[in-house]
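Colleague: Sequence:
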Amino acid sequence: MQSSSNLFPVALISAERRGDLSEDVYRLKPGNSPDGTVELAVTRLGLADVAQNRGIPVILLHGSFSNRRFWYSPKGVGLGAYLARQGFDVWIPEMRGHGLSKRNQDYTRNRVADYARYDLPAIGAFVREQSAQIPHWIGHSLGGTTLAAALGGQYLGAPAVASVALFGSQVSRTYWPLKIPPLEWGARLLLKRFGQLSGPRLKRGPEDEPVGVMIESMRWHGLFGRFGEAGRDWWKGLAEVDVPLLVVSAAGDQQDPDWACRKLYEQVGSAPRQYLRLGRQQGFTGDFGHVEMLVSKAAQAEVWPLVEQWLKDPLTPLLGAQADALVVV
1 MQSSSNLFPV
11 ALISAERRGD
21 LSEDVYRLKP
31 GNSPDGTVEL
41 AVTRLGLADV
51 AQNRGIPVIL
61 LHGSFSNRRF
71 WYSPKGVGLG
81 AYLARQGFDV
91 WIPEMRGHGL
101 SKRNQDYTRN
111 RVADYARYDL
121 PAIGAFVREQ
131 SAQIPHWIGH
141 SLGGTTLAAA
151 LGGQYLGAPA
161 VASVALFGSQ
171 VSRTYWPLKI
181 PPLEWGARLL
191 LKRFGQLSGP
201 RLKRGPEDEP
211 VGVMIESMRW
221 HGLFGRFGEA
231 GRDWWKGLAE
241 VDVPLLVVSA
251 AGDQQDPDWA
261 CRKLYEQVGS
271 APRQYLRLGR
281 QQGFTGDFGH
291 VEMLVSKAAQ
301 AEVWPLVEQW
311 LKDPLTPLLG
321 AQADALVVV
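Using the UniProt record's numbering, you'd call the opening residue of the sequence shown number 1 and step up by one each time.
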């Protein structure tokens, strides 16, 4: 693999103009994890006519059963495209086996622990090298959970992270059947037989998800489970995090409810930090859902400008006079 980086082998596999945007796709082979076949696709978006004047870098992490298209549709619509048009240097990684990232040899055993310990630090290092700036990070759902794991495990953090925003991310929702060991063991054995879960078949998204991620989540929510891995308590580590933090929940989110997102927010020791709930009671036009909080016409009008404001100035409270929608510590 011909390298366009001094860190590890990187190949520029595509360089295209998409309307007013430039789209460069890189394939990274960090070689830093036990599975040496891991390769990660990272798409860089920018304004096509000002390629040499990149703005502030921001890295967008998709959730489960998803890929880069959550942030950037083929028609050039999405938060990623919006931020690029506002002058940001936008980077959109795809996790192992998702989108343009090929399936690694141990694909079925992939875990958030692998993403947090190996992949996110490599992606962050590459973006810092290419942009010569410290990136902001935004994660949705499992992408945000992975960011929390990387922060709590001290795989990412200051001074290599400018800020972190978590949308619809939590690890505290209770699944009572998993508190019964025989049921948890039986569910694990059943999942291992499949190897992967189909997003299209389950109507959860366009991508498959390895059962390793699901089994790991079951362990977190088991009878004596905790958010972490062997020898590393991510939940406890979150209290030591010291980067500007924004946590956003959606009033209509049934998958990752507001109370659970707030609990994650309260565990993180960052200062400053902000909490935002997207709902009618907070002055928004509706109670946003888990996906609609970032992918909808309402989000385009009401949420995307707030994200832009946060990235430009994480120290200033959002929403101005609508202070009841915001908690600032």
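Because the hints were derived from the structure by calculation, they are not lab data.
Check before you lean on any hint, since a few could be wrong.
To be verified - Mimicking SDA-like on lysine to any residue, the simulated pairs with C-alpha atoms at most 25 Å apart in a straight line are: (1) K263 with K297; (2) K75 with H221; (3) K29 with K75; (4) K263 with H221; (5) K312 with Y275.
Colleague: Run every hint past the structure and note whether it holds.
Modeller: These are the hints, each one checked on the structure:
Pair hint K263 plus K297 does not hold up; C-alpha atoms about 28 Å apart against a cutoff of 25 Å. As the CA atoms of K75 and H221 are separated by approximately 39 Å, the hinted pair breaks the 25 Å bound. Of the pairs offered as hints, the one joining K29 and K75 is violated, with about 29 Å between alpha carbons and a cut-off of 25 Å exceeded. This hinted pair checks out: K263 and H221 have alpha carbons roughly 15 Å apart, not beyond 25 Å.
For the proposed pair K312 and Y275, the alpha carbon gap of about 17 Å is at most 25 Å, so the pair holds.
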